[in-house]
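Asker: In case you want the letters, here they are:
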Amino acid sequence: MDTASLQFVAFGLIVVLISNISRSSKWRSIVLMSASIVILSVLARNPLDLLPLAGFLLLGYVGLVLLERGQSRSLVWSILAVIFAYVWLKKYTFLPEGIFINHPYFTLGLSYIFFRILHLLIETGDGNEKRHIGPGAYLLYTLNFTTLVSGPIQRYDEFARDQFAGEPIPLGPRVVGAQLERIIRGFFKVNVLAVLLHLLQEDALAQMYRPFPLSLRLMAAVRLVVVYPFFLYSNFSGYIDIVIALARLMRVRLPENFNRPFSASSVLEFWNQWHITLSNWLKSYVYNPLLLALMRRIPSLAVQPFLGVFCFFVTFFLIGVWHGRTSEFIFFGLLTGGGMSVNKLWQLGLTRVLGRKAYRELAKNPAYEAFGRGLNFVWFAFTLFWFWGSWKQIDAVFSALGVAQWLGVWLSVWLSATVVLASWEWLRAALLSIKTSEGPLLASRYALVVYATALGLVTLVMTGLFNQPAPTIVYKAF
Amino acid sequence: MTESNTGNRENLKEAKLPWRDWILLPALSLLTIGLIVASTDLIHRRMFASLYGAVEDCLVFNDPSTGARGIPNSVCREKMPEGEVTEYRFNNCGYRTDGECGSKRPGVYRIVMIGGSYAMGARVPNEKTFAALLPAELSARARRNVEVYNEGMPWRPPHVFALHFNEVLAAKPDMILWIIVPSDIWSPLWQLPRPEPAAQHLSAYRQVRRFLGGAWIGVNEELYSRCGILFRHFLYESQSQTITSYLAQKPDAPYSLKIHGPEFMKAEPSAEWQGHLTDFDGDVAEIVDRAMAAGVPLVATLLPERAQAAMISRGEWPAGFDPYKLDNELRSMIVSRGGTYVDILPAFRNIPNSEQGFFALEGHPNAQGHAMISTLLAAELTNGPAPAIGVTAPHNSVLEQGR
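Line by line, the protein sequences give chains R and F.
In terms of the working numbering, the first sequence opens at residue 1 and continues consecutively.
In terms of the working numbering, the second sequence opens at residue 1 and continues consecutively.
FYI, nobody ran anything at the bench for these hints, they're computed from the structure.
Please note that the accuracy of each hint is not assured.
As the list claims (entries may be wrong) - Computed beta-carbon distance windows for the label pairs: (1) R:412 to F:24: 43 to 53 Å; (2) R:260 to F:24: 25 to 35 Å; (3) R:423 to F:24: 30 to 40 Å; (4) R:406 to F:99: 52 to 62 Å; (5) F:38 to R:391: 46 to 56 Å; (6) F:237 to R:460: 14 to 24 Å.
What the hints assert, rightly or not - Here's a subset of chain R near chain F, in silico, CB distances under 7 Å, partners left out: (7) 210; (8) 449; (9) 461; (10) 465.
All of these numbers come straight from a predicted model, not from anything done at the bench.
Cβ coordinates follow ideal geometry from the N, Cα and C atoms, glycine included.
All chains should be built: construct the whole structure from the sequences, respecting the hints.
Answerer: Structural data, given as structure tokens:
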């Protein structure tokens, strides 16, 4: 049962039905725990493979108990121990090879469990929220099958509010319909759209390596640049759509992870709309504490804006590094952090030159927004080369064209993305302006039924025709 | 339509769904399905119409003494879903070729081409087949008059060529060109076409089931279901999908897929395939011996399957497969018997998306593919195998880059 497969969705829907037999939080928790155990046992080939994960969870829980008992000095040690255990289990290459466990073991979802445990430790250690988390609630939260594999990263208080509520959140036909539509949409994104985009990318990549005429290689380069961001979006956001909808049908609201990221007109804005829960987590637990600490040490008002730039760099460098253990991801982190910092510096510079009011007006200018949107897209596409490729692949791809030709490719993608994305924004706004008494016509339940039926039918047909499984969820590997 | 996770619980209370929606929404869903089915059918009818019948109407299958043969002086027309309207005009000897049989103009270098449906130019108008294009290309390269007399015949397995070898020699060839395709090796398994059963009326339910079923079960007996054709045609524009789908074929695939399947590219093929290859070696021996006995040079070549062309064009293929494997095996078979083998597969490496020279679903070369094959064959045939049509100056061969 791979994630986002038909079996996974069918399993999720069965769990939804069982979970809704009773409104009691105890019953819903038993069902969620059982479902999570089933998923873990299906995904792990051998129960013994789960032992390192069990140890990791135990380590986190011991730290949590110590903090709940008021031993606040154990906070730093607990966090360091959990970070070390994570790095060790993920076999980061900077650790000596000899200390790793040689027996294969289960690490799926470990990154996301790591974020949840750190969140619990930090919040409990801060003493802001006085609460007791029992072992059952801890396991339910960390192993919740709807967020296990690739997030979204939910805060404990949000999870507990819905999961343990005496009176669960309502679930009427409108919500059920909307969630079913979202499952179909997500399934379509992962199993049809992402597959088609993946095919396009593979074909373009193969053409780049061949001694074909320049015009073909230029076209292949453009396809290679453009396709991957959309593939990654379809692949990841499709999965997130499915799990958010399944969780909602189980009367738990998961946080949104995407908010139309390609509509962002700057890199700073983009990371507020892409993998939102990861960005927020890092802002809460890296950016803010780091900025506060630096501001305490360097109180100069003139320097403070640049401290923010530095903190952005560190935070988003860590996002890049989190994605993988190889040097490609370190470079991806440098580019991501660098992009954020340069964008922030650009904002600061323009504000200084134009003044705050004039800068705000400029930022609202549709042409400025459109070019910014195009530039953000092309920058993201560029950084993703180090996300999907190895150094060898990247070298081969960049060697296929000369510097001037590559500049032409990036420039044409920027301009095309500017026009296409602006047209899309305009079209979307125009379509949503057609309203009924209940809101935009295209967001009405009637439109959604048509939309979901069409997507469902196309998905049914296409998954049969592909004759191959959809690419696995990319973020599952992290 | 997503709810905010920070929202107030009170906001989550939803208004009751009006009663009419319990009927209206399912009806909308059904209407959507109906519209998609109808529009797919309409698009299919417009783009992939199948008309007139088939080439098989001009062939005789039920004569064991001859195997498949063309009906002399017959004309058939077909329009298969992916192709254009194609006319098959058979001459007085039952072959789809220009000119009457037996006649040969003086001073002309005549190549008699034998093989199956690829050689005959199935699904492509005669003037666009490589059999029709090759004479002009060869004549221009060799600077002499070259003609091709096409005795290619679908459903004619190699061992049946021997039954017709007198017809080959009667055409007074200066060279015999044997077009081999991978499915020839499976020829003992071939099932000759049977008359189509009378069209039966299908209920609306069965039509919908057939429509969905054809797409859902993928490549199987429902290969030609409308929905399947429409979607698969566009899907197979992708080189990756072409290769993946082709190689994913299971060993127990239906007959029609098995004989066009990837067994011939497997590094470790089945015993069944090896047995057929050994039998084919026997056919090669007989055909080459008869040509040599008649003093006519025999030149053989292998034309690729669509996915094989894609793999060569791409320059990479999954482990356990080798698109050149059969090519190498045939070369040693033919050469060891005294024949000549021309190798055009490596040239597909230099052709971007060479699989687009084949019908995406049906598999035969299309007009673009025939033109491609003609150029490649002309380059190879004038590059050594027959001194009479060889070129003295080095030509700018598309084959010059190796594998």
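Asker: If a hint holds in the structure, say so; if it does not, say that too.
Answerer: Against the structure, the hints come out as follows:
1. R:412 to F:24: 43 to 53 Å: Cβ of residue 412 (chain R) to Cβ of residue 24 (chain F): about 47 Å, so the range 43 to 53 Å holds.
2. R:260 to F:24: 25 to 35 Å: holds (30 Å)
3. R:423 to F:24: 30 to 40 Å: holds (33 Å)
4. R:406 to F:99: 52 to 62 Å: Given range 52 to 62 Å: holds, Cβ gap about 55 Å.
5. F:38 to R:391: 46 to 56 Å: Holds - the Cβ-Cβ distance for residue 38 (chain F) and residue 391 (chain R), about 52 Å, lies within 46 to 56 Å.
6. F:237 to R:460: 14 to 24 Å: Once the Cβ atoms are compared, 21 Å apart, the range 14 to 24 Å for residue 460 (chain R) and residue 237 (chain F) holds.
7. 210: Since the shortest Cβ distance to chain F is 6 Å, the answer is holds.
8. 449: OK, holds: residue 449 (chain R) within 7 Å of chain F, min 5 Å.
9. 461: Status holds, d = 4 Å.
10. 465: holds (5 Å)
Consistency with the previously given hints is maintained throughout, with no hint failing.
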